[in-house]
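Undergrad: Let the hints inform the model, and build the full structure from the sequences given.
558 is the number that my numbering gives to position 558 of the sequence shown; each next residue is one higher, with no gaps.
Keep in mind that the hints were calculated from the coordinates and are not lab data. If you're wondering where the values come from, they're calculated on a predicted model, not measured in any experiment.
Straight-line Cα separation of at most 25 Å, DSS-like style, residue types lysine-lysine; simulated pairs:
| # | residue 1 | residue 2 |
| --- | --- | --- |
| 1 | Lys289 | Lys625 |
| 2 | Lys45 | Lys482 |
| 3 | Lys625 | Lys219 |
| 4 | Lys632 | Lys289 |
| 5 | Lys219 | Lys229 |
| 6 | Lys229 | Lys289 |
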Amino acid sequence: MRSVDQQVDGVTSAAGSGEVVWTPQRADVESANIEAFRRWVQAQKGLQVSDYHSLHTWSVADIEGFWRAMAEFFDVQLQGDTETVLTGGPMPDFHWFPDAELNYVDQVLRHADQDGVAIIDVAEPGGPATQYLTWRELRRQVGAVAQTLHRLGVRQGDRVAGYVPNVSQAIVAFLATASLGATWSSCGQDYSPSAAVDRLGQLEPVILFAADGYRYGGKAHDRRDATEKIRSAIPSVRHTIMISRLGHDPIPHSLSWAEVSAEDAEPVPVAVPFEHPLWVLFSSGTTGKPKGLVHGHGGVVLEHLKQMSFHLNLGADDVYFWYTSPSWMVWNFQIAGLLTGATVVCYDGSPSFPHPDALWELAARLKVTALGTSPAYLNATEAAGISPGARHDLSALAVLGSTGSVLPAHSYRWVAREFGQQVQVVSVTGGTDVVSAFAGAVPIEPVHAGEIAAISLGAALEAWDNSGTPVVGQVGEMVITKPMPSMPIHLWNDDDTSRYRESYLSHFPGVWRHGDFITLTDRQSLIVHGRSDSTLNRNGVRMGSADIYQAVERLPEVSEALVIGAEYADGTYWMPLFVVLRADVSLDEDLCNRIRKEIREEVSARALPDEIIEVPSIPHTRTGKKLEIPIKRLLQGAALNDVVDPGSVDDVTSLHWFAALRPPRP
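TA: Okay, here's the thing in structure tokens:
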């Protein structure tokens with residue numbers, strides 16, 4: 001279907017098709033967690049909330065009432081005075097539940113008396129055997145590691161760091177840390193030592209958890225030397241605890257995971273203030289030194305209970321698996337499944353080894369009910385002609401999540417063809433900044449191709465034009481007009497909040513500008529057009545890069561695309577389209593013409609590139625986002641080390657290719 005070209009305030013983009021690809025059945029609606037909450041709100045609060053949209057309207061009109069209701073509904077173990085929900089303002093000068101205390105770990109371990117498995121720890125072929133960590137064993141290990149940490153001198157307010165793969169020990173280490181009132185931060189072992197130190201070193205951690213290595217794509221990656229370098233570069237580290245994944249001996253003067261987790265000990269989580277630091281997440285670091293985003297215990301508990309229970313519809317009978325790394329906020333989002341009593345899956349390995357549909361095979365074997373992946377993986381599965389529903393027994397699967405970039409409309413249709421009404425496709429937009437989603441899906445609302453189904457409860461999300469006027473059916477900046485509990489309590493080493501304000505609140509003072517171009521439809525769904533800070537701007541007409549990617553990457557010959565708009569001091573503008581082609585395909589005139597035809601028909605004639613250039617690969621952040629802004633700055637003549645830390649990039653060779661390119665400016 002050809003999309004409608006829209007232009008508002010100089011912004012042009014493609015609208016969604018509006019085609020319904022999934023509709024909730026009556027039984028699904030009646031049994032949904034969010035429907036139970038809606039009925040509870042009507043009965044307990046005396047409010048007329050007849051459907052999701054009226055529920056959302058109330059949740060942002062009365063944010064104090066909504067978040068108090070959340071704490072009540074989930075029986076969150078708040079101690080102290082809970083009467084005052086929110087004080088201060090405008091953003092960022094606000095505080096949630098200033099007189100209340102809790103601990104994130106209490107909310108997890110309240111499920112530890114139930115039978116069943118809390119964590120499934122699985123590796124790709126050649127790695128350790130799959131382990132099933134029961135809830136009772138999770139409780140014991142958290143207690144044992146917490147007791148060891150306390151004996152090693154860890155106290156409330158200290159920082160504990162992890163240089164770890166996505167394994168169960170990393171989750172236990174985090175929970176043990178948080179139970180003491182200490183603060184956790186981690187990154188994956190695909191990060192170089194210098195990139196890890198750039199992040200973790202800022203925090204001056206007293207303990208370092210690390211693994212001897214990890215497996216990816218059939219290869220073992222020994223990270224003992226890297227761990228030694230990190231330890232020596234961070235003088236605050238007093239002890240290193242090693243997790244065995246490859247069977248190597250621990251590095252000298254370290255403790256083994258086996259010895260720190262051996263005791264029988266009951267965890268005793270300490271009550272901390274609602275906004276006490278739980279963890280520090282870091283920005284990608286592709287546009288400057290990584291920002292440390294500090295999130296509080298209480299805000300994360302409430303926000304993640306909402307997302308897991310209401311938007312993903314998780315409960316104690318679910319198996320929740322989102323492919324991720326400890327470097328990415330989705331790792332934290334994955335742990336959140338434990339808050340609902342669900343079983344979470346840790347996977348250490350490649351999603352495409354030993355064959356392209358390895359992730360689907362794993363989901364079938366583990367009887368996963370909620371699977372999360374990326375648009376790139378779904379697109380690769382479709383392009384390879386793989387039919388996961390036919391190849392594997394995925395009868396348990398009910399939710400298929402996607403995040404990291406925009407999910408194109410054709411991927412929605414592909415999921416619908418593969419699974420029919422059995423599987424709800426859940427495209428999510430959010431960020432490390434709030435360690436959650438601003439918008440996603442709910443099990444009681446239909447899903448339309450190319451559209452994120454709904455704004456999340458409690459998120460006062462709007463699309464604004466340049467003058468700060470809300471718009472519907474038109475492209476605008478995505479803004480959040482009221483506080484959310486999981487917004488950072490502060491940035492690390494930002495005592496005067498100047499970096500916080502500059503990052504989120506300077507464009508529209510007092511209003512959170514996230515940096516995405518969106519269209520908010522009249523049914524309150526979202527179409528995301530790409531980052532507004534990397535917007536294409538030709539002759540005053542701004543365009544979203546995501547729309548171009550959706551058009552170009554649907555061609556079977558194109559593996560991936562990157563479009564850049566570079567302005568120069570002499571007033572010229574160069575807008576090249578870089579394409580990675582599949583094997584045995586060459587960029588000839590016929591393919592160039594078909595690429596241009598797709599862009600013209602599916603996006604706009606205004607979006608046609610000045611040049612189409614074949615490249616060997618495209619660099620991304622470690623979490624899979626294309627490096628649009630750093631590449632743009634390279635094409636404008638900036639030095640590589642001035643625009644990006646190579647350690648934060650997945651393909652340094654590709655980065656050097658772009659750095660060496662001398663653009664033939666028009």
